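Chemist: One letter stands for each residue in the lines below.
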Amino acid sequence: MSVLVIAANNLRRLVRERANLFFVFVLPLALILVLGVTVAGDEPRIGVHVEGDVTPGAQQLIEGLDEVDGVGVELFDDLGAATDELEREDVTALVVVPVGYDDTIAAGGVAEVEYRVIPTSGGFEMQSLVRSVVADQNTVIRAGRVVEEQTGLPPAQASERVTALTEGIAGVEVVTIDADGDGYVEADRVGFVAGQQLILFVFLMSMVAASALIQSRQLGVTRRMLATPATTAQVIAGEGLGRFAVALVQGAFIVGATALLFGLDWGSWPATAAIIVSFALVATAAAMFVGALATNENQSAAIGMALGLALAALGGCMVPFEVFPGWLRSVAHITPHAWAVDAFTEVIQRGGGVGQIGLELTVLALFGISLLVAASISLRRAIVG
Amino acid sequence: MGHMASWRAILVVAAKDVAQRSRDRSAFIMGLVGPLALALILGGTLGGADDPAAFELGVAVEDDGSVADGFLEALAALEDDRVVKVTAALNRADLERLVDGGEVAAGFHIGAGFSDAVESAQPSTITVVGDPGSPVATDVAEAIADSFAAELHYVSLATASVLTIDRSAGEMDRIAELTSAARAEPVPIDLVSIASEGRGQDLSTYYAVSLSVFFLFFTVQFGVLSLVEEREGGTLDRILMAPIARSAVTVGKMMSSMFVGVLSMVVLVAATTLVGGAKWGDPIAVGVLIVVGVMVAMAVAVVAAAVARSAEQAVAFASAAALVLGLLGGMFFPVSRADGLLSTMSFLSPHRWLLEAFRDVSFGAGVGDLGATLAVLVAFTVVVGGIGLVSTERRLVRK
Chain A
1 MSVLVIAANN
11 LRRLVRERAN
21 LFFVFVLPLA
31 LILVLGVTVA
41 GDEPRIGVHV
51 EGDVTPGAQQ
61 LIEGLDEVDG
71 VGVELFDDLG
81 AATDELERED
91 VTALVVVPVG
101 YDDTIAAGGV
111 AEVEYRVIPT
121 SGGFEMQSLV
131 RSVVADQNTV
141 IRAGRVVEEQ
151 TGLPPAQASE
161 RVTALTEGIA
171 GVEVVTIDAD
181 GDGYVEADRV
191 GFVAGQQLIL
201 FVFLMSMVAA
211 SALIQSRQLG
221 VTRRMLATPA
231 TTAQVIAGEG
241 LGRFAVALVQ
251 GAFIVGATAL
261 LFGLDWGSWP
271 ATAAIIVSFA
281 LVATAAAMFV
291 GALATNENQS
301 AAIGMALGLA
311 LAALGGCMVP
321 FEVFPGWLRS
331 VAHITPHAWA
341 VDAFTEVIQR
351 GGGVGQIGLE
361 LTVLALFGIS
371 LLVAASISLR
381 RAIVG
Chain B
1001 MGHMASWRAI
1011 LVVAAKDVAQ
1021 RSRDRSAFIM
1031 GLVGPLALAL
1041 ILGGTLGGAD
1051 DPAAFELGVA
1061 VEDDGSVADG
1071 FLEALAALED
1081 DRVVKVTAAL
1091 NRADLERLVD
1101 GGEVAAGFHI
1111 GAGFSDAVES
1121 AQPSTITVVG
1131 DPGSPVATDV
1141 AEAIADSFAA
1151 ELHYVSLATA
1161 SVLTIDRSAG
1171 EMDRIAELTS
1181 AARAEPVPID
1191 LVSIASEGRG
1201 QDLSTYYAVS
1211 LSVFFLFFTV
1221 QFGVLSLVEE
1231 REGGTLDRIL
1241 MAPIARSAVT
1251 VGKMMSSMFV
1261 GVLSMVVLVA
1271 ATTLVGGAKW
1281 GDPIAVGVLI
1291 VVGVMVAMAV
1301 AVVAAAVARS
1311 AEQAVAFASA
1321 AALVLGLLGG
1331 MFFPVSRADG
1341 LLSTMSFLSP
1351 HRWLLEAFRD
1361 VSFGAGVGDL
1371 GATLAVLVAF
1381 TVVVGGIGLV
1391 STERRLVRK
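For the record, the sequence lines run as chains A and B. Position 228 of the first sequence, counted from 1, bears residue number 228 in this note's numbering, the numbering being contiguous throughout. To convert, count from 1 in the second sequence and add 1000; that's this note's numbering.
No lab work stands behind these hints, which were simulated from the structure alone. Wrong hints could be hidden among the right ones.
Quick list of simulated restraints, FRET-style, between CB atoms [as the list claims (entries may be wrong)]:
id: 1; chain 1: B; residue 1: 1176; chain 2: A; residue 2: 181; range: 30 to 38 Å
id: 2; chain 1: B; residue 1: 1237; chain 2: A; residue 2: 223; range: 27 to 35 Å
id: 3; chain 1: B; residue 1: 1369; chain 2: A; residue 2: 353; range: 35 to 43 Å
id: 4; chain 1: A; residue 1: 185; chain 2: B; residue 2: 1309; range: 47 to 55 Å
id: 5; chain 1: A; residue 1: 261; chain 2: B; residue 2: 1116; range: 49 to 57 Å
id: 6; chain 1: B; residue 1: 1066; chain 2: A; residue 2: 99; range: 38 to 46 Å
id: 7; chain 1: A; residue 1: 181; chain 2: B; residue 2: 1113; range: 18 to 26 Å
id: 8; chain 1: A; residue 1: 356; chain 2: B; residue 2: 1116; range: 51 to 59 Å
id: 9; chain 1: B; residue 1: 1166; chain 2: A; residue 2: 356; range: 56 to 64 Å
Predicted model, so just to flag it, every value in this text is computed and none were measured. Every residue, glycine too, gets a C-beta built ideally from N, C-alpha and C.
Okay, chain B solo, but in the shape it has when bound:
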């Protein structure tokens, strides 16, 4: 059997698998529709930072003084910025009813006499009515009330400090003058919030990358698993009766998986970039990572096929492995934030390495910067895949 013949055999096996796969709708669901739909739902709708959800807050003000008016003005400004959506309530009971009924997520109550108390430097209270079921909105409401209170505290402090020196004061005019001078004083330390735009991984990219990687581990299963199926169905015996090397069948199956895996990743990268606005980074580095990622995913599937005794079992093993590794690798939880055992364990998962590598690339890294990660992933592929392949091959003969 010549070299050419064996290449042809490999290609025939691979082409047959790809053709078979192209007729199977599940290939499109797993390799394309699933990850794309999810990336768009998660990254597009939730990550669309152009118009984030405004927090729905209620406000009941039972005081007609100027300080309370100032609070309402501050809220109106936030509403104009679409940070919050304000609903007016009559009184505290009405506000509590709104929060309880879920019509607003949280709210503010300012009682009668509030402005007078503030102006005469008496203790006063802003009440935030929170819903433990909406902790984020409650945090937002508290933060708004806190910053308003901090400003009032500052004005009182500034005014009172001046008055300890400037005895001419005490008159209402002077206090009003000091108050407006204090308000006009610029803030010395300005906290500027920067969402590492342009450099950081935005939500669209994050979801596009992690979902593509997650589904890849399912997409590439078929070629490997069809080996088990053909063994079960007896077609493998028939193929092996032909003058073909056993390895030609295995390699052919691997190539078809590889082809479909790379193809689906390339289409996903293109689609999420065009439709979802994902930024994957340097195309060459992305390409290298795709090839390495497909090989790693195949190695996992090969091991599943090697351990399994039936096609059903092989599907179950491969899916379970893909889920567990995805879980440990940070698909569903930010494992990197957990120190210690889990963080260490997560590095056993190729998902973790792939996600970090893709993340680095989206931050602007090139192939050259990925040396260590690539080495780990290739080593994983060679060791895990090698063990899997050897035992699969052995099973093919033993039968």
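Looking at chain A on its own, in the form it has when it is part of the complex:
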């Protein structure tokens, strides 16, 4: 009972303070907006710069790139302008075709086409698309050369022979399936990014709000509450319950708004709800812990911010685990974030349900409970001494 009274009082205090409402809703709104625009973002573009004249061969390469689905091609006359756009990440990559491209190839040489990227933009997918376009062109030219050399036919006729046969040759087909032997369905990557960001922000916002507990402590409210028959655990639970409700609302708000407004696919609803509930518990408990430990509001905001971002970075909320070195992936699982990211990976990307994330949910619950216990002990110590 006393838990509910404390929680109700906290929520009342929270709602009365307009600053808090701003914090509770404006921040998630900004996040939703950014996520939404990311979903609606234009197709990735690739820049092409041909040094010297655009020769027929170069034109063929450009057309090949243009035919790739989901990629826009932009031609640049000026290398400087193209490099600028690349550095601003307006284009994902820049393909530079060298001077004398056609002549080099006609003379039997090797034309070096540059594929320029900036290290921060990733873009492996784009590179393999460009590679396959180049490979297609290589196949025809290279086969033509072999025909020339082996039969003595002039280049034009050799090339004709090859082109005529291209479609008729039985090739090796690459088929992708999933581990169940079914067709591989690539999940919407934005959905997964949204999951990562939800974890980052729910935790961060909880941590920043830890100052409320410190204020109660500084004002002596906590001391007085402890003077009543309420136990430390009850006070923590009461203080935490309101915060927990806010974290839940924030999580639900982010999921609901992005799903309704931008059609973002969050996978199984019960599973997503279970992740949000268990992670909100962890976030709240962590905030209570910091709130009980920190000695002033500034300090808790600082610790909260640094810890919130560091755990998110280590826990796979900023960069996917796939590109983590193996050892770091193991280390990362000391953070609750990593378990929540794993759970979202299962639900959003693999289409799993509650049944597939039992382990992750259990670990999150254990994180939450141990942090709550630690918070109770520290709060007791901070007040009673």
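Go by the hints and put chain B onto chain A.
Modeler: Chain B only, in chain A's frame:
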């Protein structure tokens, strides 16, 4: 009250704030430990391109022909380059089990009769077993299989084309000869991947810059916010009873914020350069940007303090503003890649301007090249900070 006295008052206020701040551990966390630790975690470990994570791929080959052997050799070469780490599986079911259990991120299956089919120009298949939870590794596996398939296609095409002319062929010897001639033929178009090294912003620099800027907006809050605290605590009234101009208190507080902000940025630049290998660029341009950045961040904090009614509220407003502006300005998402509304909105955030300016400097720009950006940032500081200061000052009297 003379000019000197008021300067002294300003310095006393500033020195007291800096001293107070230096005793507060949170200043170190916010201004130094937090951004530095994060920049090192993100830039150092993940960006350490010396030894990027190899993709763990499984392979089940149920064919003992030479083409299948060629595929295994190609994989072994990639393993030597540490692009992939290969685990052998017995058959397709075993491979699916490995992928399902997360022991490998994706894998290849080549069925019995594959080599014969390829050699006799019959349709054949390489199966990639992917995990939707590891989309990048699955992409990598597909790319490897595709390029192997493209090479096989090329060899078949070249051989078949020659055979349409060279009727003497048809014998196995001739086919083998043509195949090896085709393989030996150099690739006419070579795609050379260049990660704009030396010129571009590497991951260490990227994280060092963006995290330093992000945390700066929190670091400089204290001076401004302590004004609100002193108002609440009543110490401000007592200070103002002394023969000091009201503005001396405000300016003193601003100076302490400025001092701590610049100091923390300078230490961060030095630390990330020495420890993390970040390349910030021309020191003068970096210095100018630091000063401008600190002022912009203070302007945001001043507005938060002006709107807030309590110290708690001021902290909340200032932190929320720093987070929202950071979010819109591209701290967490590459906003520049999104066209339209967001990209436009992101220019409302000083973070966007600062990040771009620092980026230009790390690409080699000097102070002279930053004219427009600096003008925007200074204008932002003057307008936003000015409005904030005027209303804060007014509140100080009204009380």
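Chemist: Each of the hints needs a verdict: does it hold here or not?
Modeler: Hint check results:
Taking the beta carbon of each, residue 1176 (chain B) and residue 181 (chain A) are about 36 Å apart, inside 30 to 38 Å as hinted. In this structure, residue 1237 (chain B) and residue 223 (chain A) meet the distance hint of 27 to 35 Å, their C-beta atoms being roughly 28 Å apart. Residue 1369 (chain B) and residue 353 (chain A) have their C-beta atoms about 55 Å apart, which leaves the hinted 35 to 43 Å range violated. Checking the proposed 47 to 55 Å range against residue 185 (chain A) and residue 1309 (chain B) shows it holds: the Cβ atoms sit about 53 Å from each other.
Between residue 261 (chain A) and residue 1116 (chain B) the CB atoms are about 55 Å apart, so this pair conforms to the stated range of 49 to 57 Å. Separation of residue 1066 (chain B) from residue 99 (chain A) is about 41 Å and conforms to the stated range, judged on CB atoms against 38 to 46 Å. Our hint of 18 to 26 Å for residue 181 (chain A) and residue 1113 (chain B) holds, since their Cβ atoms are close to 19 Å apart. For the pair residue 356 (chain A) and residue 1116 (chain B), the supplied restraint of 51 to 59 Å is violated, since their beta-carbon distance comes to about 40 Å.
At roughly 58 Å, the beta carbons of residue 1166 (chain B) and residue 356 (chain A) sit within the given window of 56 to 64 Å.
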